[in-house]
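A.B. asks: Based on the provided sequences and hints, a complete structural model is requested.
Which chain is which? The protein sequence lines are W and D, in order. Taking this note's numbering, I'd label the letters of the first sequence as residues 97 to 546. Taking this note's numbering, I'd label the letters of the second sequence as residues 97 to 546.
No wet-lab data here; the hints were simulated from the structure. Accuracy of the hints is not assured; some may be wrong.
Same chains, same names: a pair is fine if it fits in one copy or spans any two.
[What the hints assert, rightly or not] Calculated pairs, EDC-like style, for lysine to aspartate or glutamate (alpha carbon to alpha carbon, straight line, at most 16 Å): (1) K443 to E345; (2) K145 to D517; (3) K443 to D369; (4) K145 to D393; (5) K145 to D366; (6) K145 to E345; (7) K443 to D342; (8) K443 to D393.
Residues per chain, in single letters:
2 protein chains.
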Amino acid sequence: MNPQPPVCLWPDPRALGPITDLYELTMIVGYFAAGMADRRGSFELFVRKMPPNRAYLVFAGLEPAVGDVLRLAFSPEQIAAIRRWPLFERTDPAHLDALAALRFEGDIWSVPEGTVVFPGETLLRVTAPLPQAQWLETYLVAALAYPTLVASKAARMVTVAGGRPLYEFGLRRGHGPHAGLLAARASYLAGFDGTSNVEAARLLGIPASGTMAHSWVQSFPSEFQAFATFAQVFPETATLLVDTYDTLEGVRHAAAIRPQVQAIRIDSGDLDDLSRRARAILDQCGRTDVKIMVSGDLDELRIAQLVGAGAPVDGFGVGTELVTSRDAPALGMVYKLVELDGQGRFKLSPGKRTYPMAKQVFRRRDAAGRFAGDHVTRADETAEGEPLLVPVVRNGQLVAPLPSLDRVRAHCRQQLASLPDRLLGLDAPPAYPISYSVALEADARRLMTR
Amino acid sequence: MNPQPPVCLWPDPRALGPITDLYELTMIVGYFAAGMADRRGSFELFVRKMPPNRAYLVFAGLEPAVGDVLRLAFSPEQIAAIRRWPLFERTDPAHLDALAALRFEGDIWSVPEGTVVFPGETLLRVTAPLPQAQWLETYLVAALAYPTLVASKAARMVTVAGGRPLYEFGLRRGHGPHAGLLAARASYLAGFDGTSNVEAARLLGIPASGTMAHSWVQSFPSEFQAFATFAQVFPETATLLVDTYDTLEGVRHAAAIRPQVQAIRIDSGDLDDLSRRARAILDQCGRTDVKIMVSGDLDELRIAQLVGAGAPVDGFGVGTELVTSRDAPALGMVYKLVELDGQGRFKLSPGKRTYPMAKQVFRRRDAAGRFAGDHVTRADETAEGEPLLVPVVRNGQLVAPLPSLDRVRAHCRQQLASLPDRLLGLDAPPAYPISYSVALEADARRLMTR
Chain W
97 MNPQPPVCLW PDPRALGPIT DLYELTMIVG YFAAGMADRR GSFELFVRKM
147 PPNRAYLVFA GLEPAVGDVL RLAFSPEQIA AIRRWPLFER TDPAHLDALA
197 ALRFEGDIWS VPEGTVVFPG ETLLRVTAPL PQAQWLETYL VAALAYPTLV
247 ASKAARMVTV AGGRPLYEFG LRRGHGPHAG LLAARASYLA GFDGTSNVEA
297 ARLLGIPASG TMAHSWVQSF PSEFQAFATF AQVFPETATL LVDTYDTLEG
347 VRHAAAIRPQ VQAIRIDSGD LDDLSRRARA ILDQCGRTDV KIMVSGDLDE
397 LRIAQLVGAG APVDGFGVGT ELVTSRDAPA LGMVYKLVEL DGQGRFKLSP
447 GKRTYPMAKQ VFRRRDAAGR FAGDHVTRAD ETAEGEPLLV PVVRNGQLVA
497 PLPSLDRVRA HCRQQLASLP DRLLGLDAPP AYPISYSVAL EADARRLMTR
Chain D
97 MNPQPPVCLW PDPRALGPIT DLYELTMIVG YFAAGMADRR GSFELFVRKM
147 PPNRAYLVFA GLEPAVGDVL RLAFSPEQIA AIRRWPLFER TDPAHLDALA
197 ALRFEGDIWS VPEGTVVFPG ETLLRVTAPL PQAQWLETYL VAALAYPTLV
247 ASKAARMVTV AGGRPLYEFG LRRGHGPHAG LLAARASYLA GFDGTSNVEA
297 ARLLGIPASG TMAHSWVQSF PSEFQAFATF AQVFPETATL LVDTYDTLEG
347 VRHAAAIRPQ VQAIRIDSGD LDDLSRRARA ILDQCGRTDV KIMVSGDLDE
397 LRIAQLVGAG APVDGFGVGT ELVTSRDAPA LGMVYKLVEL DGQGRFKLSP
447 GKRTYPMAKQ VFRRRDAAGR FAGDHVTRAD ETAEGEPLLV PVVRNGQLVA
497 PLPSLDRVRA HCRQQLASLP DRLLGLDAPP AYPISYSVAL EADARRLMTR
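C.D. replies: Now the structure itself:
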């Protein structure tokens, strides 16, 4: 008997078209059926409100999202399966034919990746024939919200780590293995120094960081033997995990290894106290160059405490709190129709009002070069400051190559350095000033009256 | 100029080998280098402690995880890239050669998917040569923890929805687009009735559920015209979103559509009040068969309130709270070495003690057939009750085809029906009795003394 193979939930990157909500599909079919497929819509992506504990967001995920959007398509096999669904039973089958040729051939403007952004600001705008523009809604939000959450969380850690390196160790704690790849990229662009994720490191050129598990130590008759063997395979580059049995005893074993190892790692217990004792032991043994890494449920508060207390920690490994953005695991990112054939559109649902018309965001700086406030205008207005949205895709083609990940990271570093100090605190974050142009308010009033 | 294409972060399912933490790789290389690659290890996967607000967990994600594990491999391109990393600079290059031929050829025992489980119980056991067994650690935890979180959250919703259908609408709120596929599957197996995720529905045979977005309504001169056009394309199967402008006005427009539509959907405002007013309007218009769907930041507490208040709701669309498991976005799932060549292994790290030896879990039922308590034993013991772990993979091959998703869903339904009532409350969950065998306690004591 040849058993049926287990389901594979990894999609084909050339057929990501149906990774979307069914309602996008019903609307696409509806626009074709209603003869509205050539009408040109503009949709804008923005965040409705700031998640808890955040004073700013770092916009992330753009490059892989744009890559996926430019490849977006349905395979014949996918269309054949969808045709048979009950929802389409009484629908003219010809209405589904258009899916086969559907590609994204419109325009995208976006805030550059790594930019600090705020709720209520347009982050990305899609202008395209209605079916194409509608199609992108679910995918873009799914592809951008999570990296933005992770980059925003990572930035909080970077700003309190006082220059000490931070490593993303969260693959196993992410929401599935793909989230791990997205998190490694998002945390690196926000200023992390490496990842434990081998494939993320390879695909993205991020430094890979790793040590050993407790199981390595447990596989040898003694901890010392486990350390000595590891150090022999990885001379001078080994980091030894010292807390399998007794942490300080582990530090003594690590200190005795020749030639000296690169670092030790403490993954449990009172990290402040243990790092001091470990440092003392290492120094007494002449191992002043051996670094101390710590990990274990670290978040930005814990990192700030260790740094503030002067614990002799040389690097932090961060997992769960970062990759799940645990204190704020969801972002209210939305994608809304704002223009149809040049006419403003908006909605009035309770608590969910939007501004009509394609928009631009201008950012002013104070005399010291720090961000002083953002002004949202119609796309055809100008205002003081730097316009944040730039063209990325025109007629379904990249306008220019997207910046490399290292350039995005450098941009993000400059952005964080330009934040006013009051936004850098970890709690009770104050609001950043955002205003809307007179023309936008007038458009909204005019539509509301109708 | 031919711009460099944006990075694609979708992995090749035939080369998932390096979707793992670097330390697994250093240990694999180390076991080969140290001549320990033939030693046989058993690792066990379990959850350390119950997440907040949960009284039980639903084990999920097994089928796709096993599929991935049976295909696990490194491509030549991946190995070539890894060789050049600084960590391996001083490592004998021959030690990396073994990666090319590495496949999983060991054994896996597991609790069946859809089973109700508890912290401290072995959920899955891998027995294989050390490098292979170690390799699986990160991937298995990444592939199983998130579906288990979602299925556990979904089960809470199913148990309070009183038989009303629940639909997973969370693709855009998941942690990346792949999380959406995993969440659709996990919530369906826990008793949800459908998903909005088109590709999940196609790949898994789950009913697809969808309506329209506000943008559809906004694209027409009037709401009525938007509804009428949609109902013409999807006669008798349309669900109309009524809250774009004024919800009750929207309900009146929906009630006037001929032939009558299948349902309306309310996505904002006071859902209890609005659903009652909507029902009254529909009934007055003779639309007694038109169903009322509600959505908008629903969680199990809100669903329980609406059901308890007798709101005339015929179905719930659930997104953010479900797919991010928002109140408990992380699960402390771990994978620990318990045996090496038949000898028990464990660790003593503060707060992270484990029991040595391969284990089995026996579940007892009370006279009414409800779960009465679980007993964890050594794998070579027997005890009263049903053994939960069954063989799934032997020598790298499936022992038998895995059960279909519908069979897993039926199993889960029976499991939930067997839970004692006291575990079904939504808050202040009591602990379920778990005990460990005398032999296990003796093994642990013996190793601790050494």
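A.B. asks: Determine for every hint whether it applies to the structure shown.
C.D. replies: Evaluated hints:
1. K443 to E345: between (65 Å within a copy, 14 Å between copies)
2. K145 to D517: neither (21 Å within a copy, 39 Å between copies)
3. K443 to D369: Result: close neither inside a copy nor across copies, 56 Å intra and 21 Å inter.
4. K145 to D393: between (27 Å within a copy, 14 Å between copies)
5. K145 to D366: The answer is neither: 36 Å in one copy and 20 Å across copies each exceed 16 Å.
6. K145 to E345: neither (49 Å within a copy, 28 Å between copies)
7. K443 to D342: Cα proximity of K443 and D342: across copies only (10 Å, versus 61 Å in one copy).
8. K443 to D393: neither (42 Å within a copy, 18 Å between copies)
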